[in-house]
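Student: Next come the chains, spelled out residue by residue.
Protein chains: 2
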Amino acid sequence: MSKLKLNITMSIDGFVAGPDQSLEQPLGAGGEELHGWLVPLKTFRESHGQEGGEVNANTPFAEEILAGAGATIMGRNMFGGGPGQWEESWKGWWGDDPPYHHPVFVLTHHPRKPLEMDGGTTFHFVTDGIESALEQARAAAGERNVSLGGGASVAQQYLAAGLLDELVVSVVPNLLGGGARLFENLGNAKLEQVESVGGPGVTHIRYVRA
Amino acid sequence: MSKLKLNITMSIDGFVAGPDQSLEQPLGAGGEELHGWLVPLKTFRESHGQEGGEVNANTPFAEEILAGAGATIMGRNMFGGGPGQWEESWKGWWGDDPPYHHPVFVLTHHPRKPLEMDGGTTFHFVTDGIESALEQARAAAGERNVSLGGGASVAQQYLAAGLLDELVVSVVPNLLGGGARLFENLGNAKLEQVESVGGPGVTHIRYVRA
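One line per chain: the protein sequences are A and B, in this order.
Here the working numbering is used: the first residue of the first sequence is 1, the next is one more, and so on.
Here the working numbering is used: the first residue of the second sequence is 1, the next is one more, and so on.
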């Protein structure tokens with residue numbers, strides 16, 4: 001069966017988004033800097049239709065994020081944070097051709113018809129919970145894995161339910177001082193570390209269920 | 001000049017000690033498990049007068065912790081947490097022959113005469129602040145480095161003051177769900193990652209000031 005995987009970048013003080021998230025800064029204050037390891041990469045630039053870029057030890061992790069999955073699950077804030085964005089005109093943060101290129105299942109309490117974008121991305125809005133979203137995403141992904149897109153609260157729900165098969169935390173040397181914590185509301189638990197790779201400005205640690 | 005270095009083990013959810021620290025469990029609930037990578041090592045066992053043990057990718061980091069420094073600075077809780085322990089009879093957690101074997105400077109508000117233990121460890125009690133402690137420790141360490149022993153609040157004070165030269169965070173796959181956070185009260189900041197090494201059950205990330 002396809003795995004549910006989360007690849008996420010975390011500041012060394014534990015945040016996956018900074019404080020004061022808003023339409024203008026969806027990742028909060030300092031949040032964009034978390035992805036300073038990803039954005040200069042050739043793999044990332046290609047996925048955004050740009051030329052050039054670096055190839056280094058971080059490249060396989062960027063490839064895993066950008067090309068590995070057959071479907072994505074994300075939370076409502078990841079698709080669009082504000083109430084006004086639940087108008088039918090809101091189509092996510094990514095423009096007409098989102099970088100997913102596969103079905104995306106958005107967890108929400110607001111029913112909405114599927115939204116088909118350019119380039120193979122269709123947003124499906126799931127209102128009946130995380131297990132249903134996972135089931136639908138697995139069906140859509142076929143042999144490929146399902147990527148958990150975030151944010152933090154959705155990640156915590158899947159972690160707490162024991163439904164996350166694999167987790168790659170890319171730890172960056174930034175301190176955000178506040179914002180959305182990845183590992184919270186999870187109590188005392190243990191993962192199993194299966195890989196550690198350091199690249200320029202980041203350390204990728206792969207975990208599975210212990 | 002000798003460097004001020006902190007080597008510390010942190011749970012993936014950000015804690016260097018668990019909740020409910022007490023005389024019975026000085027590292028709090030689950031806190032002892034943080035050092036599960038260190039305790040089985042030959043280097044660690046030797047430093048505690050025991051035979052046997054493992055040699056693996058974690059060994060250089062254990063050696064760095066156990067044998068590298070010429071002096072140590074620690075906080076009052078690290079030496080002894082409870083008020084009763086400030087009686088002259090309290091000699092720290094480590095028995096008659098503490099594993100430091102060099103001068104240890106304890107930051108405290110309680111003046112006390114230096115306490116000479118077996119094996120070359122002498123505890124000096126510093127009441128006039130972190131800069132004074134660092135100056136005294138550097139003088140004692142000579143050409144060798146000064147190790148910052150913790151806990152979290154002392155580490156934060158040296159980090160915030162820009163006095164910490166090097167920081168090795170050993171990230172373990174445990175979640176403690178509460179306790180003492182290493183990176184807190186530090187606002188928005190950035191370190192520079194200079195090394196990442198994965199060993200059994202832990203990833204060591206070395207940072208310097210950015």
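No wet-lab data here; the hints were simulated from the structure.
Treat the hints with care, as some may be off.
For identical chains, the list gives no copy identity; a pair is met inside one copy or between any two copies.
[To be verified] Here are the simulated lysine to any residue pairs, SDA-like style, with alpha carbons at most 25 Å apart:
1. Lys42 <-> His110
2. Lys42 <-> Thr108
3. Lys190 <-> Pro26
4. Lys42 <-> Ser196
5. Lys190 <-> His102
6. Lys91 <-> Glu46
7. Lys190 <-> Val168
8. Lys5 <-> Glu192
9. Lys42 <-> Thr127
10. Lys91 <-> Asn56
11. Lys190 <-> Ala57
12. Lys5 <-> Gly199
13. Lys113 <-> Pro40
14. Lys91 <-> Tyr207
15. Lys113 <-> Ser196
16. Lys190 <-> Asn56
17. Lys190 <-> Gln25
18. Lys91 <-> Pro200
19. Lys42 <-> Arg209
20. Lys5 <-> Glu116
21. Lys190 <-> Gly28
22. Lys3 <-> Gly201
23. Lys42 <-> Glu195
24. Lys190 <-> Val126
25. Lys42 <-> Phe125
26. Lys190 <-> Glu46
Computed from a predicted model, the values in this text were never measured in an experiment.
Student: Each hint needs a verdict: does it hold in this structure or not?
Tutor: How the hints compare with the structure:
no. : hint              : in the structure
1   : Lys42 <-> His110  : neither (37 Å within a copy, 58 Å between copies)
2   : Lys42 <-> Thr108  : neither (33 Å within a copy, 52 Å between copies)
3   : Lys190 <-> Pro26  : between (30 Å within a copy, 21 Å between copies)
4   : Lys42 <-> Ser196  : both (22 Å within a copy, 23 Å between copies)
5   : Lys190 <-> His102 : neither (32 Å within a copy, 35 Å between copies)
6   : Lys91 <-> Glu46   : within (22 Å within a copy, 62 Å between copies)
7   : Lys190 <-> Val168 : both (15 Å within a copy, 21 Å between copies)
8   : Lys5 <-> Glu192   : within (14 Å within a copy, 28 Å between copies)
9   : Lys42 <-> Thr127  : neither (37 Å within a copy, 54 Å between copies)
10  : Lys91 <-> Asn56   : neither (33 Å within a copy, 51 Å between copies)
11  : Lys190 <-> Ala57  : between (27 Å within a copy, 21 Å between copies)
12  : Lys5 <-> Gly199   : both (21 Å within a copy, 23 Å between copies)
13  : Lys113 <-> Pro40  : neither (36 Å within a copy, 56 Å between copies)
14  : Lys91 <-> Tyr207  : neither (33 Å within a copy, 40 Å between copies)
15  : Lys113 <-> Ser196 : neither (41 Å within a copy, 46 Å between copies)
16  : Lys190 <-> Asn56  : between (31 Å within a copy, 22 Å between copies)
17  : Lys190 <-> Gln25  : between (33 Å within a copy, 19 Å between copies)
18  : Lys91 <-> Pro200  : neither (34 Å within a copy, 44 Å between copies)
19  : Lys42 <-> Arg209  : neither (32 Å within a copy, 28 Å between copies)
20  : Lys5 <-> Glu116   : within (24 Å within a copy, 54 Å between copies)
21  : Lys190 <-> Gly28  : between (29 Å within a copy, 16 Å between copies)
22  : Lys3 <-> Gly201   : between (28 Å within a copy, 22 Å between copies)
23  : Lys42 <-> Glu195  : both (23 Å within a copy, 23 Å between copies)
24  : Lys190 <-> Val126 : neither (30 Å within a copy, 38 Å between copies)
25  : Lys42 <-> Phe125  : neither (32 Å within a copy, 54 Å between copies)
26  : Lys190 <-> Glu46  : neither (37 Å within a copy, 28 Å between copies)
Going down the numbered hints, you'll see the structure goes against 1, 2, 5, 9, 10, 13, 14, 15, 18, 19, 24, 25 and 26, while the others check out.
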